[in-house]
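Trainee: One-letter residues, chain by chain:
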Amino acid sequence: MYAFLLAPLAAGLLLLAATAAYAADDQNPLAHDPKAAKAGEYEFRINCALCHGLGAHGGGRGPDLTRAQKKHAHSDAELFQVISNGIPGTVMPANGTNGQGVGMTDDEIWQIITYIRSVEVKAPARPVGSAAHGKDLFYGDANCSLCHMVEGKGGRVGPELTGVGGSRTRDAIIDSVRNPSRRLAWGLTESTKEFPQEYETITVVTADGKQIKGVALNEDNFSVQMMDSSENIYLLEKDKLKSFQKSRESLMPVYPPEVLSDKDLDDIVAYLVSVGAK
Amino acid sequence: MTRWRICTSLLVTSFVCALLAAHARAQVSFERLLNSGKEPQNWLTYSGDYSGRRFSTLDQVNAANAHALTAKWVYQTGATGKLETTPLVVDGILYATAQDDRAFALDARTGRPIWMYQHPLPNDIRPCCGHVNRGLAILGDKVFLGTLDAHVIALDSKTGNVIWDAVAAEYQKGYSFTVAPLAVKNLIVIGVSGGEYGVRGFIDAYDAATGARQWRFYTVPGPGEPGHETWEGDSWKIGGAPAWNTGAYDAVTNQIFWPTGNPSPSNRGEGRAGDNLYSNTLLSLNADTGKMNWYFQFTKHDEHDWDATQVPVMIDLGKPDSGGKHVIAQANRNGFFYVIDRTSGQLLSANAYGKTTWSDSRDSDGRPVAKKEASPTLEGHTVCPGALGTTNFMAPTYDPQTALFYVTARDQCDIFSTAPQPYEAGHAYYGSAYFPSEEAEPYRGFLKAIDPATGEIKRKFEHTSPTWSGLLSTKGGLVFTGDAEGNFIALDAASGKPLWHFQMGGAVYAAPIAFAVDGKEYIAIAAGSAIYAFGLP
Chain A
1 MYAFLLAPLA
11 AGLLLLAATA
21 AYAADDQNPL
31 AHDPKAAKAG
41 EYEFRINCAL
51 CHGLGAHGGG
61 RGPDLTRAQK
71 KHAHSDAELF
81 QVISNGIPGT
91 VMPANGTNGQ
101 GVGMTDDEIW
111 QIITYIRSVE
121 VKAPARPVGS
131 AAHGKDLFYG
141 DANCSLCHMV
151 EGKGGRVGPE
161 LTGVGGSRTR
171 DAIIDSVRNP
181 SRRLAWGLTE
191 STKEFPQEYE
201 TITVVTADGK
211 QIKGVALNED
221 NFSVQMMDSS
231 ENIYLLEKDK
241 LKSFQKSRES
251 LMPVYPPEVL
261 SDKDLDDIVA
271 YLVSVGAK
Chain B
1001 MTRWRICTSL
1011 LVTSFVCALL
1021 AAHARAQVSF
1031 ERLLNSGKEP
1041 QNWLTYSGDY
1051 SGRRFSTLDQ
1061 VNAANAHALT
1071 AKWVYQTGAT
1081 GKLETTPLVV
1091 DGILYATAQD
1101 DRAFALDART
1111 GRPIWMYQHP
1121 LPNDIRPCCG
1131 HVNRGLAILG
1141 DKVFLGTLDA
1151 HVIALDSKTG
1161 NVIWDAVAAE
1171 YQKGYSFTVA
1181 PLAVKNLIVI
1191 GVSGGEYGVR
1201 GFIDAYDAAT
1211 GARQWRFYTV
1221 PGPGEPGHET
1231 WEGDSWKIGG
1241 APAWNTGAYD
1251 AVTNQIFWPT
1261 GNPSPSNRGE
1271 GRAGDNLYSN
1281 TLLSLNADTG
1291 KMNWYFQFTK
1301 HDEHDWDATQ
1311 VPVMIDLGKP
1321 DSGGKHVIAQ
1331 ANRNGFFYVI
1341 DRTSGQLLSA
1351 NAYGKTTWSD
1361 SRDSDGRPVA
1371 KKEASPTLEG
1381 HTVCPGALGT
1391 TNFMAPTYDP
1401 QTALFYVTAR
1411 DQCDIFSTAP
1421 QPYEAGHAYY
1431 GSAYFPSEEA
1441 EPYRGFLKAI
1451 DPATGEIKRK
1461 FEHTSPTWSG
1471 LLSTKGGLVF
1481 TGDAEGNFIA
1491 LDAASGKPLW
1501 HFQMGGAVYA
1511 APIAFAVDGK
1521 EYIAIAAGSA
1531 IYAFGLP
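So the protein sequences, as listed, match chains A and B.
Per this note's numbering, the very first residue in the first sequence carries number 1; after that it's consecutive.
Per this note's numbering, the very first residue in the second sequence carries number 1001; after that it's consecutive.
Treat the hints as calculated values from the structure; they're not laboratory data.
Keep in mind that this is a model prediction, so the values were computed, not measured.
Wrong hints could be hidden among the right ones.
Unchecked claim - Cross-link-like lysine-lysine pairs, in silico, PhoX-like; alpha carbons within 25 Å at most:
#1 A:LYS246 / B:LYS1460
#2 B:LYS1300 / B:LYS1372
#3 A:LYS238 / B:LYS1497
#4 A:LYS135 / A:LYS263
#5 B:LYS1497 / A:LYS246
#6 B:LYS1475 / B:LYS1325
#7 B:LYS1475 / B:LYS1072
#8 A:LYS278 / A:LYS71
#9 A:LYS238 / B:LYS1460
#10 B:LYS1497 / A:LYS242
#11 B:LYS1291 / B:LYS1237
#12 B:LYS1460 / A:LYS242
#13 B:LYS1319 / B:LYS1475
#14 B:LYS1372 / A:LYS240
#15 A:LYS246 / A:LYS213
#16 A:LYS240 / B:LYS1460
#17 B:LYS1355 / A:LYS246
Chain B extracted, bound-state conformation:
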């Protein structure tokens, strides 16, 4: 018997029913996550839904009125460094994270805090690139946080109290979490960081209720496993292939799509001859078991730190009755935009969307293949894109209205130079150095709109300098981005022209979201040390 029928049959007071209803809404079930499109007022996963599209069907704020957007509130986190978090919003409460593994809940209408949790971090953590965190997952009455000392923690969504705390790996060896986990069914799926420390990468799934680990997929296969032969000698033991950005989930086929990062050491291939599976790969894993269905490796035997950890985006191209395809697309750090059949893992297309010099040929699958001359040398030479890539962790967006894939991109070339170093557990293990190339053009930053059907760049907006901002598209015909100079910008999704901007006073390293409370739409983003929310007057 449902709660509603209890209410009507027992004739209990409407007050009690209201309480029960509120309690029911507070629970974020898997069904709610699966059907997140039915509640566009909420932002329930890192990418807004399981497809990775970061598209909101809210349209109260639209191309006609975006010029009137105004700041509604600002929440100062008090943290320093890069704020990379994507907030979640559930029924009027905003949940987010900040540097050094703090998590907090805010009144989404006012920005006033409800609770704050600070994970006690040891002094000798091994982050790669700042003490960052990209956000939470939510399921049931808990939110889930991955920490820089490699814990997975469940917090009570009403109080921030710790419900369970699972240790995934030894942080002293370079393992850490920076990723926003993904809740699927009763599982919390999370990928590890540590590609700069010679970790053996993995993707874990934990029981959301108890914290018990249900499965682990090692992204570097062990002896006897397929793919193990792609590693020279014992190099697999310290092969890297972390999984530090959030994947997607296809409920129809029960597949989790999760991307992986660079092999270790990141810029030196000597000593790890072979393709180095499953580094720089898109993995299709069975959600229940973690067993691999298929894989597609973007950059084999990577020597340029081109993690393939960019968010993969599920897109349905064309109409199913006219040969439409269920694909998954990724704008890769190596400068190519890949479209893959998400049923088979077969590559459908790969087109450059930025300045690339590393590949001038394709293999039989159509995959760009690295030139020998692109390998780093002791003396160093210039390769494009540089080590930071054409894009990086910044979340892209796919707008089904324009049928365009929008991505933050940069043109920058670097000098890659090897610097052999021995492996030592817990110690940075790059095997290389890279430097901005003085001979190259000045660095340029863009928002590019790519047609996934053709790979063609339909339009672009050039920033003053490269930005690390993620993107959001909305049914209101808008694409939102931030810039390195602190502006939050709304662009017309169709024309790419800026319609509005607001100077937030701090560079953007996060991606925007849209939500609504009391029928009013808000757009939120993290910048500098704060979370900002904007709306119409």
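Next comes chain A alone, as it looks inside the complex:
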């Protein structure tokens, strides 16, 4: 096979399938069954782990499902509906709409739910950080808002972060602050393209000798669309440039603990989680 997940395609398809509600039981018939949890683990690997990570701890685009508090579903029946029908407006596809057959059976979905319940962190997450102080830092001394926007307020050069607290794990957010180049954020996705654009750093010298450095909004073999740190957009043809360089070294500065303490970072994450959970 040559399968791969066309996330935006799947997101589009799920809109079509959203009305195909499954007649789910209210209760998971396989709840607490260790055998079902094991089978569910394997089904999870095949169907879910690409986004939600091995062990359900979250991946690059799927939230950490080991958190007891979930944004889109609380009861088993709600989880069943989310897996069956997807989440409109997100890349979470409806079961059976990724172009690969008819999807999982009801039993397999229940197995996955049993597995997710088996790996959930039962105790409430320890209170981490002060969201109020985090907001002050985000818009103040930490300078996050110079580049990032939350709820309509902030800069444009970096990724918009309103939903990040609800879709990314706490560890992933912390890692992206401490090591911003380790995994570049995704930007624009195009409907039939396999990979989304990433926040790569572009440096060009134009025909008249002007150097421009910024983030890629989009790029193909012959053109690049980019934004500099002053939020100017440049639309450039590569063959008309004196030089073109692309780097996976993020424009975002590294925030080591001596610049942003663990406590302050916890507060910023708490702020993002509080916004993302809305």
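Fit chain B to the known structure of chain A by using the hints.
Mentor: Leaving out everything else, chain B in the frame of chain A:
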């Protein structure tokens, strides 16, 4: 007595003769397919001819004027998803397919539709990777379509009316067709998809006139057949080895060369110990009987979903009087470029053409052998190439002028992790999961030019991101490709430098063709949801 002699002897009007002539041209005989090189204005098979070279001898569009290419027409199919079709062109009419098994005929000069056929698909089909179709075959006055519910259908080439409809297998068990069939003699040869459902793969041949099946070659041998011993227990019954890409035909030896895909489950070898013949194999079959002449298995006991379904390309290396060889070459999904003697099936060379980590030794035939450590584990570990392979279904091209084999390639590594699951008929059966490796380098996409005589990569063009585009080379000294960002690109075949591009607005998953109408050359390709045709002003 030929029609022409009837015309001259009976002194019938020139109008009637013209009608007869037009009728004669409308019939695509096996002889025309065999001698497709004599009518370069037409594109008569998936690869343009039986050799699989996807090379056009048209040269009106060439390296000197390619910069002036311009769009001539666009046909919107209305379909969504990946458009993988290769059109056929016969005497001014273009025939192609789109997603969900629709077929259509267009005026090749204008793109205006003549007819459209939509196969009524059930709701519970089992495609592996999208509702795709890679094209039609044509023979006589019919075009032939394989469908996602495992039908083979003959359509009247003038109207799109169904002439016959043969059911090849139970789609409910995961069988489907996505391949462009190949017409050979009076037969329509077609290979099945379904390697993700535990099907038992096969290649079929149908009588083009009636739809009666003439032969079937099971790509997984049954009890008592040679190769059956390469399967553990009853694993052969659900062994996969589909045959979902179009093969080649050698009229001199009457051999059909057809490649096969992964064993099932695709990424888990436990339970199917052995080489798993004839998965990931190039088969040489007698065209008349479907009996096997020889086989060459590229990846034994595959655990990485490395289907060997890439188009095999017949090449004649060197001059026959100086020890030249009739070979068949394949850039394989497993990252190696294989050259095989097409008379004997003997391996002549295998050279890596992309990033590979799975093999560091050879067997006595010179075949790369998998390292034990390359097997997927429960915890998962990184192997290159990844599950999508160094290349995949995208059609390569061989240019006899540069004597180079051009292929779309990618460098991507994946984490392979097993995920045992029971077999259930009609249900996806992977036995595994794979994930992009975060530790690996960013994915890179290329067009690579390989010298088949040495395996050396002579030049490469790096794309912004990996592409799924097939390729076309022409006598005009050009190689055409598309990219994931929607560009259609003409490159100088000799230097590999881009000479022209056009932004089509949708990613390319198809391969280009060349044809001519009224003496004007066109280059066509599918992208996004549309078919595009380009020509000189």
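Trainee: Run every hint past the structure and note whether it holds.
Mentor: So, going through the hints one by one against the coordinates:
{"no.": "1", "hint": "A:LYS246 / B:LYS1460", "verdict": "holds (19 Å)"}
{"no.": "2", "hint": "B:LYS1300 / B:LYS1372", "verdict": "holds (12 Å)"}
{"no.": "3", "hint": "A:LYS238 / B:LYS1497", "verdict": "holds (14 Å)"}
{"no.": "4", "hint": "A:LYS135 / A:LYS263", "verdict": "holds (13 Å)"}
{"no.": "5", "hint": "B:LYS1497 / A:LYS246", "verdict": "holds (20 Å)"}
{"no.": "6", "hint": "B:LYS1475 / B:LYS1325", "verdict": "holds (23 Å)"}
{"no.": "7", "hint": "B:LYS1475 / B:LYS1072", "verdict": "holds (21 Å)"}
{"no.": "8", "hint": "A:LYS278 / A:LYS71", "verdict": "holds (8 Å)"}
{"no.": "9", "hint": "A:LYS238 / B:LYS1460", "verdict": "holds (19 Å)"}
{"no.": "10", "hint": "B:LYS1497 / A:LYS242", "verdict": "holds (18 Å)"}
{"no.": "11", "hint": "B:LYS1291 / B:LYS1237", "verdict": "holds (20 Å)"}
{"no.": "12", "hint": "B:LYS1460 / A:LYS242", "verdict": "holds (22 Å)"}
{"no.": "13", "hint": "B:LYS1319 / B:LYS1475", "verdict": "holds (20 Å)"}
{"no.": "14", "hint": "B:LYS1372 / A:LYS240", "verdict": "violated (50 Å)"}
{"no.": "15", "hint": "A:LYS246 / A:LYS213", "verdict": "holds (10 Å)"}
{"no.": "16", "hint": "A:LYS240 / B:LYS1460", "verdict": "holds (22 Å)"}
{"no.": "17", "hint": "B:LYS1355 / A:LYS246", "verdict": "holds (22 Å)"}
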